[in-house]
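Participant: Spelled out, the chains give:
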Amino acid sequence: MSMDVKALEDDRHHRYVLNMGPQHPSTHGVLRVLLELEGEYAMNLLPVLGYGHRCHEKIAEFKPAKSFMPNTARMDYLGALIYNHGFAQLLEKAAGIEVPERVEYIRVITSELNRIQSHLLWYGAYLLDLGAFTPIMYSFDDREHILDILEDVTGSRLTYCYFRVGGVSKDIDEKFVTGTRAFIKRLRSRFPMYEDLVNGNIILQKRLIDVGELTPHTCARYGITGPLLRGTGVAYDMRRAEPYSIYSKFDFEIPTGTKGDCMASFMVRFHEMEQSLRIIEQALDGLPEGSIMAAKVPKKLKIPAGDYNSSVEAPRGELSYYLVSDGSDVPYRLKVRTPSYSNLSVIPEMCQGMLLSDVVSAMGALDLVIPEIDR
Amino acid sequence: MDINQVKKQWQKLSTAVEDIEYAVSGHDYNVCLERDKVRDFATLMLNEGFYLVDLMAVHVTPAIEVVYQFAHFETRCRVLARAFVDDKVEMPTISDIYQGANWHERETRDFHGVVFIGHPYLKPLILPEEDVDLKPLLKAEAKLKDVDAVRRKPPEPAPAPKAKPAPKPEVKPAAVKSQEQS
Amino acid sequence: MKSYFSELFTGAWSLILGLKVTIKALVSPIVTVQYPREKIVVTPNYRGHIDLIKFADTGAHKCISCGSCMRECPSDCIVVEGEKREGVKGKVLTIFTLDFTKCSLCGACVEVCPTKALDYSDEYELAGSTREQFHFDLLKRVEERE
Amino acid sequence: METFYSILPELIRIVICAVCGAVIVFGNALVMGYAERKLAGHIMLRPGPMEVGPHGIYQLVIDGLKLMGKQLVVPAKADPLLFRFAPLLAFAPVFVPLLVLPFSEKIQGFDLDIGLLVILALASINLLAILIGGWASNNKYSLFGVFRAVSQNVAYEIPMLLSLLAVVFMTNSFSLKAVVAAQSPVWFIVIQPLAFLIYLVSIVAETNRAPFDLPEAESELTAGFHTEYSGMSFSLFVLAEYANMFIVSSVATVFFLGGSSGIPLPYFEYSGIIWFMLKVYSLMFFLVWIRWTYPRTRFDQLMNFCWKYLIPFALVNLLITVVMVKLL
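Residue numbers (my numbering), protein chains in the order written: chain A, 1 to 375; chain B, 1 to 182; chain C, 1 to 146; chain D, 1 to 328.
None of these hints come from the bench; they were simulated from the model.
Hints are supplied without guarantee of correctness; some may be wrong.
Unchecked claim - Calculated pairs, EDC-like style, for lysine to aspartate or glutamate (alpha carbon to alpha carbon, straight line, at most 20 angstroms):
(1) A:K300 <-> A:E38
(2) A:K302 <-> B:D40
(3) A:K299 <-> C:E111
(4) A:K259 <-> A:E289
(5) B:K139 <-> A:E213
(6) A:K296 <-> C:E72
(7) C:K54 <-> C:E123
(8) B:K135 <-> B:D96
(9) A:K206 <-> C:E7
(10) A:K302 <-> C:E81
(11) A:K170 <-> C:E72
As the list claims (entries may be wrong) - If you only want the chain A side, here are some residues facing chain C, beta carbon under 10 angstroms, derived:
(12) M43
(13) K63
(14) R164
(15) N201
Yeah, the Cβ is synthetic: ideal placement off N, Cα and C, and Gly gets one too.
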C-alpha cells in the first residue's frame, strides 16, 4: 500500500508510475490518483486528496449551528437537499423541535427529486467515462426538468439551501405538484429508451460485468455504503434501516444486485430512480395541509450539551452528521461522515491488477463527488 | 447477531457500556474504552459484522478523545466507542482490522495530531506535505472545554454501566460547573 | 459453441437497438436553447442576490437599519449602517452593502427582516472581471431603480 | 528535350491529380468536420455549431485559421525532430491512394494493376506516423495510445485484408477498375455480405474511431497519441484521420457497393462520381452514427473480437469463396 513515487521509480524499473489527475477527464474533479502500472495493468493505486478542501468542519466551530446550513449544500453539490435534510434533522433532534407533517412530506419529495437528479448526472457522466458521449445529453435533458421544478420552489438550481431548522423556507404550490407529476410520467417513459441505448448494450455489459467486484465483508471493512453495498446483495438503505423523517410510511423496494461488480451497482442506481419516483408519487398523494414551519423555533438555537448523530441516505451512501455540543449555539465539534470518502478508500484494493480502462470504469462506478471527500 | 451476547463481550473490554436513547442522540450504545483495548474491540466488531461508520477526534481536556462509530448492516445498532489518547497523543491503529480506518486515521492525524501506532502510511492526507504540524482542529486555549462539558449525562464517569434514561436538556448548569472546575 | 453464436447475435441486436435510439434522436427536434438569442423565462421564485425593495406607495425602501440581516448572515457579507437624524423617527439607512463574492444565497437575511424590506433580485447574468464588481451598494441600487 | 516532351502529358496528369487529391483531402476534411459536429449535435438533441455563418457552416474554416495561428509547442523533453516529422508523415501518404480510386469510369488518376495493394500499403504508413508521434512526445499517455494503436491496427489489418481478398478471388484482379467492372449485374455486397460486415468493423478499428478509438480514449488517456500536439500539427492528424476515413469508405464502395455504378445519368462516364460520392458519404455517415452511439470497448475485448470472431469468420468466408469460384 505504501507507495512513494521516487522510491518506486528507482526500485522497479519495469513498472512505471502514471499520474492521473488532478486534471484528468475521468477523475470528476480535483482528485489525483497515482497508478503504478505494469503494462496496462494497475498494480498499485494511491489516491491523493485535499486539493479542494474547504475546512467545513472548522467553519462549523465558529458560527451558530443553523448558519451552517448553506455549507452543507456545498459538500455534495449533487445531493444538496439531502445534505440539508440530514443537517436540519440533526439540529431538530438535538434541540427537540417537532416538525409539522407537511414539512416532512415536502422534504421527502424534494430530497427524492434531488436523488434522481444526482443519479441522472452520474448516469451520463459514467457513460462519458466509458466513452459514450450521447447518453449524458439525454440524461441532462431529463435532469433539467428536475432542476426547473426545484428552482421554482427553492430558488436555486444546484446548491440549494431550502430546508430550515423546523421547516422549509417556501411552501410548494399546485404548479410544483403538477410539474412533478408530469416529470414522473416523462421519466418513466424515458426508461425504455435508456434500456435500449445503454443498459442492454453489449459493449457496456462487457465493460462492467465482473469488473471491480466487492463483497459485503469488504464493504464492512471499508465502511462502504449506498448503491455499491446494495450491489453486493445487502439491502441496507438508511431509509429502511433507520427510517428517518417519514420514510417508514412509504412503500418502496430497495434494489439490490448479487455480484457486487460495476454492473450491479449500475443497475442498482438505475432502479433506484424508479423507486424514488414511487416515493414521490406516494408522497404527493398523501401530501397534508399545514404549516411549513415548526411552531417554536428559538431565534438562538441552543443545543443541549452532549453528542448527536443524524444519518440519512445520500445518493452515494450513508451520510452522518456527528455533533458534539457544549451547550451553546455554536457546535463544539461537527464531523460529517461523507459516503464518497469511505467509498473511495477501497480503490487501492478494488483496482489492484486491473486494466487501466477498468480502473476508469471502477472509479466511475463509485460515483465520486470530490467536494464531498475534500469537505 | 445477538445483541445481549455482544454487549457482554463489550463489557469485558470496556470501562462502561451504556444504552442511550436513539431518538435523542442517534446512537444506541455508548462504549468507553481504554486505549489498549481499542484493537480488541475493533476485531470483535468486525467479527460481529459491524462496519465502520466514522472515526474522528474531539479535542477536550484532559486529552484528545478518539471517537469510533459503528453500525450494523442487518439490524439497527449504532455504537459509539470512545477512547482517550495517552500523553504522547498516541493511539493504536485499527487500520489493519478496518481498512477503511486508514484514511480516517490519517485525517485525524492531520487535524488533531493523533499518532496512530502501527499505521502503515501515516502521511498527511488532506493537508499538504509541508503542513505536517498544523493540526488545524485543535482548540485554542480559551475555547477548550473539559470532557464533561460536552457529555450528555452529569460528570463522574461511573464504572457502573447503569442505563439511565437520557436526561432532558438540563445539563447546562452541570456543564458550566465542570468548566469552572477545570 | 452455442454461447459463442448467441452472444454474437444478442450483442449485434443490442447494438442495432442503440442505433435506433440515436437515429430517432437525430430527426427529433433539438431541446437546447441558443442562449444569447433565446432565453428561458426565469421563475419569479429565483433567488439571486438580495435587493432592497422599492415600495410603490412611498417610493422608498423600508429598511430601518436594525442590522438583523447583518447578524443573521452566515458569511458576514452584509454591512448595514444607519444614523439618527433630526425630525425623522428611527434610524436612517446610510450604508447597505452586499459582498456578493461571499454570499451563499441562503436567504436567511430575507427571512429575518422585520419590515420585509429585502427581496431577491432576478438578475442571473452576472459576470465580471474584478471582485469589486460584486460589492453591491444596495442603497444606491434602490435609489437608481425605476 | 525529346524525352521531356514525351513525358510532359504524364507530368501534367500527375500535377492535375495531385491538385485534385489536395482538393479532395481538404474539402473532405471541411465537409466531414462540419457534418460530424452537426450530426453529433443533432443526435444529442442540440444544434451543433451555429455561430459562424448560417447554421455555422464557416465554423470549420474559422477553426482551421485558428489552428494555423496557434503556436506549435514542443514539450521540453520530446524528440524535436521526430515530433515535428510525425504529423507530416501521417498526412503526406493520404494523397497517393486517391490517385488510384476510380471515382467514375473516366475519372481516375492511374489505373494500376496493383491498385488495392497501393492503398493498403500506404494506409499503413499512417500507423507509423502515430507510433513516431506518440513516442516522440515523451508523454506516458501518448505512449499508451501508441501501444494500443499499433497492436490494434496490426490486428485489424488481417480481417480487413481477408475480407477484401474474397472479392479479389472473385474478380481475379487487384485493379480497382476491374473490380468495379465485375459488379455490373449485382454488387458484391449481395454476394459477399459477411465480407462486407467484417470489412465495416475493421475499418472502424483501422481509422481509430469510436467505439474502437482506444488510441485516443480521452476518458482514460486524456487524448492518447496526440496529447502533446497543438495547432497545425494536431490538425494534420485530424486531416489524415478524415482522409483515411474517406479512403477506406471508398475502398468499401469500390469493392462492395459497385463503385460509381447506379442509375445512369447524362455523361455517365463522368457523372458516375455523384453515385460514388453518395455511397462513400453514406458509409461515412454510418461511421459517424456509430461513433455517437456506443461506449468504448476495452482493449482486450477489442483484440478478442478480432481474433475470435472476425478472423475465423473471414477465413471461413474466404474458403467458401475459393471453393465456389473453383466450382462455378
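Participant: Would you mind marking each hint as holding or not holding in the structure?
Facilitator: A quick look at each hint next to the structure:
no.	hint	in the structure
1	A:K300 <-> A:E38	violated (59 angstroms)
2	A:K302 <-> B:D40	violated (38 angstroms)
3	A:K299 <-> C:E111	holds (12 angstroms)
4	A:K259 <-> A:E289	violated (44 angstroms)
5	B:K139 <-> A:E213	violated (42 angstroms)
6	A:K296 <-> C:E72	holds (18 angstroms)
7	C:K54 <-> C:E123	holds (16 angstroms)
8	B:K135 <-> B:D96	violated (24 angstroms)
9	A:K206 <-> C:E7	holds (11 angstroms)
10	A:K302 <-> C:E81	violated (28 angstroms)
11	A:K170 <-> C:E72	holds (18 angstroms)
12	M43	violated (31 angstroms)
13	K63	holds (6 angstroms)
14	R164	holds (8 angstroms)
15	N201	holds (5 angstroms)
When the structure is compared with the earlier hints, violations turn up for hints 1, 2, 4, 5, 8, 10, 12 and for no others.
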